[in-house]
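Residue numbers (our numbering), protein chains in the order written: chain L, 244 to 653; chain C, 244 to 653; chain P, 244 to 653.
Calculated directly from the structure, the hints in this document are not laboratory data.
Among these hints, one or two may not hold up.
Since copy identity is lost for identical chains, a pair holds within one copy or between any two.
In the BS3-like style, the derived pairs of lysine-lysine whose C-alpha atoms are separated by at most 30 Å in a straight line are [said to hold, decoys possible]:
id, residue 1, residue 2
1, K620, K508
2, K444, K652
3, K437, K652
4, K506, K620
5, K620, K437
6, K620, K560
7, K620, K652
8, K508, K621
9, K652, K621
10, K621, K437
Keep in mind it's a predicted model, so treat the numbers as computed, not measured.
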Amino acid sequence: MNQEIFTINNLWMMVATILVFIMHLGFASLEAGLTRAKNTVNILFKNTIIPAIGLLTYAFIGFNLMYPGDDFVGSFFGFAGIGLSLPEGWSTSEYNEGYTFFTDFIFQAMFAATAATIVSGAVAERIKLGPFIFFSLLYVGICYPIVGMWKWGGGFLDALDIPFYDFAGSTIVHSVGGWGALVGAFLLGPRLGKYTADGMKPIPGHNIPMATIGVFLLWFGWFGFNGGSVLTADPGTVSLVFVTTAIAGAAGAFGALIASYLKFKTYDITMVLNGVLAGLVSITAGADLMGVGEAAIIGFIGGTLVVFAVVFFDRIKIDDPVGAISVHLICGVWGTLAVGLFGDLAGMGQVWSQLIGIGVVGAFCVGTSWLIFFSLKKTIGIRVDEREELEGLDINEHSMSAYPDFATKD
Amino acid sequence: MNQEIFTINNLWMMVATILVFIMHLGFASLEAGLTRAKNTVNILFKNTIIPAIGLLTYAFIGFNLMYPGDDFVGSFFGFAGIGLSLPEGWSTSEYNEGYTFFTDFIFQAMFAATAATIVSGAVAERIKLGPFIFFSLLYVGICYPIVGMWKWGGGFLDALDIPFYDFAGSTIVHSVGGWGALVGAFLLGPRLGKYTADGMKPIPGHNIPMATIGVFLLWFGWFGFNGGSVLTADPGTVSLVFVTTAIAGAAGAFGALIASYLKFKTYDITMVLNGVLAGLVSITAGADLMGVGEAAIIGFIGGTLVVFAVVFFDRIKIDDPVGAISVHLICGVWGTLAVGLFGDLAGMGQVWSQLIGIGVVGAFCVGTSWLIFFSLKKTIGIRVDEREELEGLDINEHSMSAYPDFATKD
Amino acid sequence: MNQEIFTINNLWMMVATILVFIMHLGFASLEAGLTRAKNTVNILFKNTIIPAIGLLTYAFIGFNLMYPGDDFVGSFFGFAGIGLSLPEGWSTSEYNEGYTFFTDFIFQAMFAATAATIVSGAVAERIKLGPFIFFSLLYVGICYPIVGMWKWGGGFLDALDIPFYDFAGSTIVHSVGGWGALVGAFLLGPRLGKYTADGMKPIPGHNIPMATIGVFLLWFGWFGFNGGSVLTADPGTVSLVFVTTAIAGAAGAFGALIASYLKFKTYDITMVLNGVLAGLVSITAGADLMGVGEAAIIGFIGGTLVVFAVVFFDRIKIDDPVGAISVHLICGVWGTLAVGLFGDLAGMGQVWSQLIGIGVVGAFCVGTSWLIFFSLKKTIGIRVDEREELEGLDINEHSMSAYPDFATKD
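Next up, chain L with everything else stripped away, as it sits in the complex (with noise of 0.2 Å):
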């Protein structure tokens, strides 16, 4: 191909390389902003290690797993060795028609860690930090990568007859953090008086301006996350994956406030900002597929489930701070789903495939981070003691307070 078009194509894969990173800072911004302020060096210190962590087990062992590429070995697994080696014609359209070799890993790699920041939500508050950085790296550094090559790197989910399709990770991507953050949130428990015999007494977030930041921030990365995932800068498509992105967060936002001022009878805005998510989340697996009317519907239906999806695991009694679960996992699943009902492949086979990497997906995720999880919690432990989780994880974990100069009610 010729040149001009491949250094087009490499810069936009850059410009969305920046753009998911930034996601980063979305994450741990709406994270601080939703939990109290006794927590929030805790929160900022594992976002800020978590996009680390990443990016080195990334170089290191996640690009050779979730690309296994000449050394593949099968449908399930694959690998081709530690560290990055530079292909031959690693910088030309050789390489691919989109991007360089370099440019390729690190747009792989600022997602890797979005599975573990995903967990770090709904874990918020109550878990140990060493045990929660082993799992990151875990989890992270060779879970995340299998499951991406099942279908990215050519693995089970892309071969079969009809092939499951995840545009830019749903389910790859956030329902992998969203099964995760379910195991971590059931394991540890809810936070000490979420639910008491009085039934479930809320635990406000403390800094709805840093939680608003954070969901802009993630709307705005979110244009790299699917805009990117096209893979080239062709007009057409990243076009129209701008406009479905961007629909189906206005009508998540949308959803969510009927849903939960039907429900509540009050404008939330923690369900508001959820519900862009929620619409974001939805239409990930098939934002190059949907016209303007389904992203606006899919990212509608993500919006409300959003709302239904919280109020039912405060029912259950699995506590999730900033509702990750709900959001990532639920409207991953959903959106997932979606490329089956809506769109250019809708269709009865096509949702039968959806299903399978959803449950293949599921079952290895739960398997994998309950085995982490439940190792860590039979050995070392989890969860920090009462006392500590009473005081706020940041003066013990972190010998510091957010806020030193400001007096706080507690």
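Given chain L, work out where chains C and P should sit, using these hints.
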């Protein structure tokens, strides 16, 4: 035209789209920062839902009102139908040499919500949420695209003998918001305790870091707002626009610094922050016509104007918590006029055309926003009751606080 | 060269320009977050006005000092005149194959303010505003471009037998700021109460979320700072630079995590945040020369160094509230040296050239910043009085508070 240039143009327009998107976080942060903690959730709620409204109404109706195309029915009004329908060749340079149909839509859609966001700042801390959302739906969905059509959709302002000139929207975007802000602030009346028998009592913003984040994000996004308005990636024009945009913002900061120091004998950061925005709004109408020196003069005067405008509106007891009218209306008018005074088009004929544009847009926007706000005022009411205003809108409209963990002074 | 590649190159340079721009918000957030609430307005004021100073002085004089071009008058000093004047063919590849004249100017102009921003952090919480702005005008307007000319403008450091190498400015940008920071912090003396008879008393930053936002925005912008320093959109080089930049930041976080845990037995988030920056500063001189493993080593060592440097400067009672000297000077020197130790240019000859560059730049910057700060100290004074320092600069210099609605502990 060749596919390479088309692809580059479209890529730049998509990047510009995202930059305009993040301006909505800029507006949200600025407005939240410059108002009181007890109304923060309310402000963030509005500023999250407004872009969602903008995107959805623009897809449903606004885009086809603003760019009626072949279905053009007159110089003042045209309409191409409900919803988006893909024209032939939508993804190629057949549609436009600078962008695909979807890029066209999404870039313009990101602008659309700005009009309501500007109003939001001026009516903050006392307007009812429901009526404001209703106003936004009509103002963003109908009034803004009609005005936009007059110039950018080929309407009568573009057809004057010496065409009205407004490169990126000092009048078409900023003054549209500014006039609505003026009408809203006037009809609502000032916040309780602002203008007392003892004179004007300043009500300081509660979070200056948030306000600063807001202004920087707006400046950041303005490179897309102005740079994208070139509508191609033409190296000469876009780089000139970047320079005039950067210089005008910087000069606006200095203008406001000097004017406010002379007037108040202190270094007032809110004036400097609004001075940056004043410079940016001022250059917006002629960002592609000015040299570096002219951009500096226009921005500097804008920064000076905003200081006197803020004082003036306080004198006539129009209470504008964030200075939105001074920034967007006064500097929007100034920047539009400056096109007749400086740069490539300077001349009395152009001044006259600019005045026509300013006047007609002003009359229409005052008329329509008055009609909407006044109808709402006489029916369901637009202002929260006194108790709610004193307690804060957050606890009353949203049943929550933005900072529940912190002790407040009130 | 062909117009397509020129247009792509220029587009990337403009995007990189905006990324560097947002680093100023990163610096503002980081510095505000790591200092006390009573000085927040002052810090944000400085960090808003400094980029404005940078842009305006660079247009007026700096650009022509740094790139004297045909008007070059020597190896140490050259000057092409006051203001910007458009050269023939400014908007085409005649000017440069990578960018237009205006892109050239604006990309470099965004860098210019960085030198003063770095100083700002080290002198925070006790310097008078007026003298600091005066210092910034001279340091950014004159000293920085003179140093820059020595390497990037074709001066003597570029003309050594083995040319001094500094890809994106570990020495030319970061150490210039770092030396000024060292001199400023030394001449000002420590903040009241920092070093007492009972030893060093830490003064914790008041807003860790702000500091975290700052570091992520700096990392985000660094992809433009380093990536744009390629000066074209060349796919191979830019993508390599992205990877080394990302990996060095991640490794810096780990280096600081491990070093600070071993030293302090706690998970210190401020060390990890500064570790990210340390990694980024360290890779900046050789971001285009290193492989992935080398980038990791350089970043990791940078992250480790910053922990020991912070302890060291506290031991010699140089009070640097944000760790700017440790990050930008120590790691700037380290990164510059690393070019002689790792990667494509490694060798003792290169080490020697790097040492010359480090030494000459250091001598000049210490000399000029000493001259400016010392003259100011002996005339109008550079330090606020004791009462003002204790009460905070916000109320005394700006007549306002950053958080008026919140109850503080002091």
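>> Name the hints, by number, that the structure is in violation of.
In response: 7 and 9
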